[in-house]
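> Here is what each chain is made of, one letter per residue.
Number of protein chains: 2
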Amino acid sequence: MTQVDPTRMANAIRGLSMDAVEKAKSGHPGLPMGAADIATVLFTQFLKFDTQAPAWPDRDRFVLSAGHGSMLLYSLLFLTGNPDMTLDQLKQFRQLGSLTPGHPENFHTKGIETTTGPLGQGISTAVGMALAEKMLAAEFGKKIVDHHTYVLASDGDLMEGVSQEAIAMAGHWKLNKLIVLYDDNGISIDGPTSIADSVDQVKRFKSAGWAAEKIDGQDQAAITAAITRAKKSNKPTLIACRTTIGYGAPHKAGTAKVHGEALGADELKAAKENLGISLEPFSVPDDVLQAWRAAGSRGAAARQEWEARIGELGSRKRAEFERRVRHERPASLAKALKAHKKGLLENPLNVATRKSSEAAIEAIAAAMPMEFLAGSADLTGSNNNKAKSATAFSAKTPKGRFVHYGIREHGMCAAMNGIFLHGGFAPNGATFLVFTDYARPAMRIAALMGAGVVYVMTHDSIGLGEDGPTHQPVEHLAALRAIPNMRVFRPCDSIEVAECWELALNRVDGPTVLALTRQNLPQLRSSANENPCQHGAYELVAAQGEAKATLFASGSEVEIAVAAQKQLAERGIPTRVVSVPSLELLLAQPEAKRAAIIGKTPVKVAIEAAVRWGWDAVIGQDGEFIGMHSFGASAPAKDLYKHFGITAEAAVNAVLKRVS
Amino acid sequence: MTQVDPTRMANAIRGLSMDAVEKAKSGHPGLPMGAADIATVLFTQFLKFDTQAPAWPDRDRFVLSAGHGSMLLYSLLFLTGNPDMTLDQLKQFRQLGSLTPGHPENFHTKGIETTTGPLGQGISTAVGMALAEKMLAAEFGKKIVDHHTYVLASDGDLMEGVSQEAIAMAGHWKLNKLIVLYDDNGISIDGPTSIADSVDQVKRFKSAGWAAEKIDGQDQAAITAAITRAKKSNKPTLIACRTTIGYGAPHKAGTAKVHGEALGADELKAAKENLGISLEPFSVPDDVLQAWRAAGSRGAAARQEWEARIGELGSRKRAEFERRVRHERPASLAKALKAHKKGLLENPLNVATRKSSEAAIEAIAAAMPMEFLAGSADLTGSNNNKAKSATAFSAKTPKGRFVHYGIREHGMCAAMNGIFLHGGFAPNGATFLVFTDYARPAMRIAALMGAGVVYVMTHDSIGLGEDGPTHQPVEHLAALRAIPNMRVFRPCDSIEVAECWELALNRVDGPTVLALTRQNLPQLRSSANENPCQHGAYELVAAQGEAKATLFASGSEVEIAVAAQKQLAERGIPTRVVSVPSLELLLAQPEAKRAAIIGKTPVKVAIEAAVRWGWDAVIGQDGEFIGMHSFGASAPAKDLYKHFGITAEAAVNAVLKRVS
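Going down the list, the protein sequences come from chains A and B.
Quick note: the first sequence, position 289, residue 289 per the working numbering, numbers continuous.
Quick note: to get the working numbering, add 1000 to the position in the second sequence (first position is 1).
Same shape as in the complex, but just chain A (with noise of 0.2 Å):
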């Protein structure tokens, strides 16, 4: 392919990427130049990709799980020849507004697949893009689908729990065509891994269903004999090539100097010496950057042979393939819960808001059957977000469109993101509202890099009842509402329901949570001819007169606020009953909107089963609030309910005491 050293070829990487953290004084050069060698194989031999066409559907993906080793990516960029990616942005490594971040953002450098940094994120999200792959290969067949994802992955990613929920399910759905290179340079921050961890990885990954082998990462003929193997597996593989961190640089190499700061003037002059790189900063030799721009575009004959195999896959089912990696909704979807919420309004559905899930999924299963994936982790007859008609995925039955994530909140969540990435599906998840605990990494880097994904959260206060304090969140509406660019749904009754379903549906830039009960509720709303949850909140109940007071709610308490509403206006006292569906959206509306929701009238009253931050940017800080101060309890739910005094009783006093 070329007649360039490829030793020259990794040094590229080593210099450019020594080059960008001294600049920066800033970074981390360790992995770059450990890893290159490594990176050189893959991208040069292995990875197929055209870099003119970043996002070809079927381009094998490349995720650089250990995020810090941002420069390594970013080399790798310029030197295959990323239009965007020019010499003058490696300059401008971690400064504001380049392309060149600290760690990798897929939402702002393109031919970046996903958002790492934190770790454990990248090799858990790779699990749903080669998951996604595999579905979307058994659909569309292989002439279309048959790419394979590769993972760098360091100490720390292995270190992270949900790697091994990771591990676990790709193990267990022999996910053949994922291959993870561990960067097994047994250095941490802290310094040698050795002081803190002693687990043999090989035999670890093996345990979870995976080929495992250890090779030298430093000798590239071993890491292609390697990859060629692994091509060859049944089961996903790891690599653990072992290199050194910092390799090249003469005093630091194999330290933990060398892996979170610049290698200072004299270290890096030494170590360009010792690899026999120009002390120009920033140069490459042109032989070798010719080398390297034939590897990125050593992908567009096969892109090519791509684009002429889905020209004849016959224009109903390219349209498909293209509108689902769009994801753009199928029309049909909007006609469906058109006509479910009609049906709604013809019987009502008296049940928890979990279950009008249930029946809205109905609807947009049959509407979108293909794309709509949903999963929970271990709690599906709870979570009910299985719809009838969807089979289990399993390896032999990769047509499901339901997936068994265990109990793994997390990797579930993580998988999800890889799933959107990918492209192709519309990708939810269940779990208890309360275990958004152990999936929120994930779900924040969704909010960050946008990804459409919908988390179906139940039993989502102490309405859940006997099971406690340790399942009863309280704090986790306020938790979720508060990172930026997360969407979080308590729907009231099955209108709302259906309605919530379809925003976060159409919501393909940011994550929504649809948070639901357990417990019964009656259907409050009588019209649906519009979607005002798309606003945040509405006047649901107006008042029969000049209203004296508000009562805010959510979810499962917007019943209590209709039934206090109701006891007022017999008590002379007209009142207003404004839906929340979501108290961020509410507050993102146009000054003007909101206002207009929120009202004027003397006496504000919120009620959430759950604690009050945020509620006094709408109650104000005087306004009345009926919910949550402290933990919940164990007991039957109507007792909690009285216990913790979050019923009309409490709505009409706290109203009485503001009036009189």
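Don't read these hints as lab results, they were simulated from the structure.
Here the structure is a predicted model, which means the values were calculated and not measured.
Treat the hints loosely; a few may be bogus.
[Claimed, not checked] 35 Å max Cα-Cα, derived DSBU-like pairs, lysine-lysine:
#: 1; chain 1: A; residue 1: K642; chain 2: B; residue 2: K1110
#: 2; chain 1: B; residue 1: K1206; chain 2: A; residue 2: K232
#: 3; chain 1: A; residue 1: K566; chain 2: A; residue 2: K355
Given chain A's structure and the hints, the job is docking chain B onto it.
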């Protein structure tokens, strides 16, 4: 020991568990029925405990990691004669105020070692208990500290990622007195575990440095033999006990149906007949009860011998041991911090609060060198929580008082729970604030059960700079403040740091987060007689004249508020600055105190490099907020503060806009 057939003893557990779940119409009978033989062997032959003295320091610990099987534990407490656990309590299973909540709550029911239910927590907490045992034994000798930690874990515990972090630590530390009995029943909520899992747990644990074997978990002789072997091992041991979930239930045993709901009258009757148990609810044959009571007092002699041994320890050492396990701080602590603060007034320390925390730690560690137990998730040099005098803990250096937890934030925080619960130490653990997301389930349980642990969370805002949005917390202060009983301190200078450390260490009924900066800050305080941080907030700078505005700020933004105050004073606008090291503690003050601190100036501005959630309670809906409205970005810190408009100029303008 007893002539009663041990299978009848196990059946007593089964009968009580079935009856209690049946009466509550809620709960999990499957695990207690399947694991009854394991529990019988452990409690009658091995577990060193005295039911009359459930808090005896040298008792063996038993952790029911599979907390949903709580009736196993409650049955055992009743059968062994725990004074509080009457038959009536079993009949009140899962009812408000009973000692028998849905999941075990150690803060509520005596004889329970830790709160479990969220899967993976128990096994990980147990690692901390075993670690504390090893450390304390090395310090006080095996005559005083010599006990085992036993765990009963389920499939779910081992699927959760945190279990990997925990077992990797336990294997590395060679915690050979930790014995995990895995209730390998092959069933989870969704059905056979084989639908979601194919990990070979024995191989997995071996890869982490454990001894591990499989046995028949319904064979009491096999269980006895395996625990006997485990006690002799020089490694922690996993005993995978193959059991039948719902053992004894003729139709439902071995299926998911018996996991999480009552058997139903017919199946219950059939199960009792099958097992040869009386059909009378909650009945235990006299001889069986007597045998169980004997098991409960079996350890009384051992305890008395231990009491004698501690009597021989010497009064000073004995007092020290008893003070330590009571979580009482030494008098030297207050003195040391007082002297430290005096020193700061004489020689101001204008450094990052992570560095002034390091200075405070030097003073603290000198006062309590053996009980101040710090550690970091591989960011020791960045978190600055290692005292110079502290040496690293390892299997060979058990007197080391700094723990390299590895890149395992969740495992670290769960282990700290266990360390605290075990007694003898004031544990603190460190990472970047953003990575509290990884540890939230363990932090929440710490808050729920009132564990006095300290989280040293550095790099607490966009002020960390170049690492970018994946590493920059913006919502984390809000998300942590929302957790009931969690204390979050964000000190603004070296004096506040010392004060917050003092409050944190003296808080032994709940956890404390210390949010600390990466970037340098000036020492702002000029007096240190009292500790105003105890009220959450206080006036740091008084207005010159009648105040027209108040600037509220925390941590690194107090410096900005002080600069703005000066500029406003120059423009003739008298302004106060209120430092708010703990927003939620301010809000928890008595009404009058809170009102006095907040004051009544017409203009209120809050400055915090984080999201607004929570601040409306101080500044009102119409207050000005200068902070973050999105994720951060990668750039030097100064550029970011300017880019996101968190500057003294912005604060001045916000006030001017309102004043004019």
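> Confirm or reject each hint.
Hints versus structure:
1. K642/A <-> K1110/B: holds (27 Å)
2. K1206/B <-> K232/A: With a Cα-Cα distance of about 28 Å, the restraint between K1206/B and K232/A holds, given a limit of 35 Å.
3. K566/A <-> K355/A: holds (27 Å)
Violated hints are absent here; each numbered hint is respected by the structure.
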